[in-house]
Amino acid sequence: MKKITIYTTPVCPYCIRTKELLKAEGLEYTEVDVVENPEVRDEMIKKTGHMTVPIIMFDDELVGGYGDLARLHTEDKLVEMLQLKI
Numbered sequence: 001m002k003k004i005t006i007y008t009t010p011v012c013p014y015c016i017r018t019k020e021l022l023k024a025e026g027l028e029y030t031e032v033d034v035v036e037n038p039e040v041r042d043e044m045i046k047k048t049g050h051m052t053v054p055i056i057m058f059d060d061e062l063v064g065g066y067g068d069l070a071r072l073h074t075e076d077k078l079v080e081m082l083q084l085k086i
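With my numbering, the residue at position 31 of the sequence shown is 31, and numbering never jumps.
Read the hints as simulated data drawn from the structure, not as lab findings. Every value quoted in this text rests on a predicted model; they were computed, and no experiment measured them. Hints may contain errors.
[What the hints assert, rightly or not] Per label pair, the in silico range of CB-to-CB distance: (1) Asp-76 - Glu-39: 35 to 45 Å; (2) Asp-59 - Gly-26: 26 to 36 Å; (3) Met-1 - Asp-68: 24 to 34 Å.
[As the list claims (entries may be wrong)] The list that follows gives simulated cross-link-like pairs (lysine-lysine, DSBU-like), each with its CA atoms no further than 35 Å apart: (4) Lys-77 - Lys-47; (5) Lys-23 - Lys-3; (6) Lys-19 - Lys-46; (7) Lys-77 - Lys-23; (8) Lys-46 - Lys-23; (9) Lys-3 - Lys-46; (10) Lys-47 - Lys-23; (11) Lys-77 - Lys-46; (12) Lys-3 - Lys-77; (13) Lys-77 - Lys-2; (14) Lys-19 - Lys-2; (15) Lys-47 - Lys-19; (16) Lys-3 - Lys-19; (17) Lys-47 - Lys-2; (18) Lys-23 - Lys-2; (19) Lys-77 - Lys-19; (20) Lys-2 - Lys-46; (21) Lys-3 - Lys-47.
Where a beta carbon is used, it is the ideal one built from N, C-alpha and C, also for glycine.
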């Protein structure tokens, strides 16, 4: 299964929703707080081109934000996408 990494801030409501959705599905993830790790924030922006959080990654693949994750979940593609390893 692919590794889930989410870049977050403590007060972001979409970050909270992202974590709740993943927990509800029983999926483990690594959370990176970009407020506490400004160097990681800069790396995230450089790597993805996105300046907002959450940023959701499956391994090194950019999934997007909460809306993208929720769409995958609604379309029943979330677990399938996590299991595909190329």
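Going through the hints against the structure:
1. One distance hint, 35 to 45 Å for the beta-carbon pair Asp-76 and Glu-39, holds here, with the actual separation near 37 Å.
2. One distance hint, 26 to 36 Å for the beta-carbon pair Asp-59 and Gly-26, is violated here, with the actual separation near 19 Å.
3. Our hint of 24 to 34 Å for Met-1 and Asp-68 is violated, since their Cβ atoms are close to 19 Å apart.
4. Proximity of Lys-77 to Lys-47 is assessed by CA-CA distance (about 24 Å); at most 35 Å being required, the pair is judged to hold.
5. Distance check on the hinted pair: Lys-23 and Lys-3 sit about 14 Å apart at the alpha-carbon level, within 35 Å; holds.
6. Annotation: proposed proximity of Lys-19 to Lys-46 holds, straight-line Cα distance about 23 Å (limit 35 Å).
7. Between the alpha carbons of Lys-77 and Lys-23 the distance comes to roughly 16 Å, so the proposed pair stays at or under 35 Å and holds.
8. Under the criterion of a C-alpha separation no larger than 35 Å, the hint pairing Lys-46 with Lys-23 is consistent with the structure, at around 28 Å.
9. Between Lys-3 and Lys-46 the CA atoms are separated by roughly 20 Å; this keeps the pair inside 35 Å, and the hint holds.
10. For the hint pairing Lys-47 with Lys-23, the CA-to-CA distance comes to about 26 Å; that is within 35 Å, so the pair holds.
11. Under the criterion of a C-alpha separation no larger than 35 Å, the hint pairing Lys-77 with Lys-46 is consistent with the structure, at around 28 Å.
12. Note on Lys-3 and Lys-77: the hinted pairing holds, with a Cα-Cα distance of about 16 Å set against a maximum of 35 Å.
13. Proximity of Lys-77 to Lys-2 is assessed by CA-CA distance (about 14 Å); at most 35 Å being required, the pair is judged to hold.
14. Simply put, Lys-19 and Lys-2 have alpha-carbon atoms about 16 Å apart, close enough for the 35 Å limit, and the pair holds.
15. Using a Cα cut-off of 35 Å, the hinted pair Lys-47 and Lys-19 holds, with the two alpha carbons roughly 22 Å apart.
16. With a C-alpha separation of about 14 Å, the suggested pair Lys-3 and Lys-19 falls inside the 35 Å cut-off, and the hint holds.
17. For a cut-off of 35 Å, the pair hint linking Lys-47 to Lys-2 stands: about 18 Å separates their Cα positions.
18. For the hint linking Lys-23 to Lys-2, the alpha-carbon distance of about 16 Å falls within 35 Å, and the restraint holds.
19. At most 35 Å may separate the alpha-carbon atoms for a hinted pair to count; Lys-77 and Lys-19 meet this at roughly 17 Å.
20. Restraint check for Lys-2 and Lys-46: satisfied, since their Cα atoms lie roughly 22 Å apart, inside the 35 Å limit.
21. About 17 Å separates the Cα atoms of Lys-3 and Lys-47, which keeps this hinted pair within 35 Å; it holds.
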